[in-house]
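Engineer: Sequence:
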Amino acid sequence: MNKILSVLVLLPAVLFVVTGLRWLIDPAGIAPEFGLVLGEGLGLSSQVGDMSGFFLTLGICILVALVSGRRAWYYPPALLLLLTAVGRVIAWLLHDAALASQIGVEVVVAVILLVASRRLAQEA
Numbered sequence: 001m002n003k004i005l006s007v008l009v010l011l012p013a014v015l016f017v018v019t020g021l022r023w024l025i026d027p028a029g030i031a032p033e034f035g036l037v038l039g040e041g042l043g044l045s046s047q048v049g050d051m052s053g054f055f056l057t058l059g060i061c062i063l064v065a066l067v068s069g070r071r072a073w074y075y076p077p078a079l080l081l082l083l084t085a086v087g088r089v090i091a092w093l094l095h096d097a098a099l100a101s102q103i104g105v106e107v108v109v110a111v112i113l114l115v116a117s118r119r120l121a122q123e124a
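Read in order, the letters of the sequence shown correspond to residues 1 to 124 in UniProt numbering.
Check before you lean on any hint, since a few could be wrong.
Claimed, not checked - Just the calculated beta-carbon pair ranges, DEER-fashion:
| id | residue 1 | residue 2 | range |
| --- | --- | --- | --- |
| 1 | 5 | 43 | 18 to 26 angstroms |
| 2 | 119 | 21 | 25 to 33 angstroms |
| 3 | 95 | 1 | 15 to 23 angstroms |
| 4 | 54 | 94 | 19 to 27 angstroms |
| 5 | 14 | 115 | 14 to 22 angstroms |
| 6 | 57 | 107 | 32 to 40 angstroms |
It should be emphasised that the hints constitute simulated quantities derived from the structure, not laboratory data. We treat Cβ as the ideally placed atom computed from N, Cα and C, and that holds for glycine.
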């Protein structure tokens, strides 16, 4: 069971790292996948910096959690994903944004990370 859980944790970690690297290498190729149009100047800098930082932080924290076995490394990515989901709901409720389908993936991965923090962690 723990082997399956490890794979379920590893897959999104790799996906997040690849997504972060894509934002650094080819922002024009990945921006449309998020419903974004690339800005210019400071806007472009913010998009590339924020999005690459977000996804690389997610992926690296998850990988460190898996390698180190330390429970604390599971919590930052779970919190980032849950806050992103909350932000999507607020944008939908208050700002007339479309409710993004990614919200389901964000919540599911966050729950998997919280379960992994209990099942896979070797120490606090």
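Engineer: Against each hint, give a clear statement of whether it holds in the structure.
Structural biologist: Here is what the structure says about each hint:
Distance hint check for residue 5 and residue 43: the Cβ-Cβ separation is about 40 angstroms, which falls outside the suggested range of 18 to 26 angstroms. Between residue 119 and residue 21 the Cβ separation comes to about 29 angstroms, which falls inside the hinted range of 25 to 33 angstroms. Range check, residue 95 to residue 1: about 41 angstroms between beta-carbon atoms, so the 15 to 23 angstroms window is missed. Separation of residue 54 from residue 94 is about 22 angstroms and conforms to the stated range, judged on CB atoms against 19 to 27 angstroms.
The given range of 14 to 22 angstroms is respected by residue 14 and residue 115, whose C-beta atoms sit roughly 19 angstroms from each other. Taking the beta carbon of each, residue 57 and residue 107 are about 18 angstroms apart, not inside 32 to 40 angstroms as hinted.
Violated hints, in rising order: 1, 3 and 6; the structure is consistent with all others.
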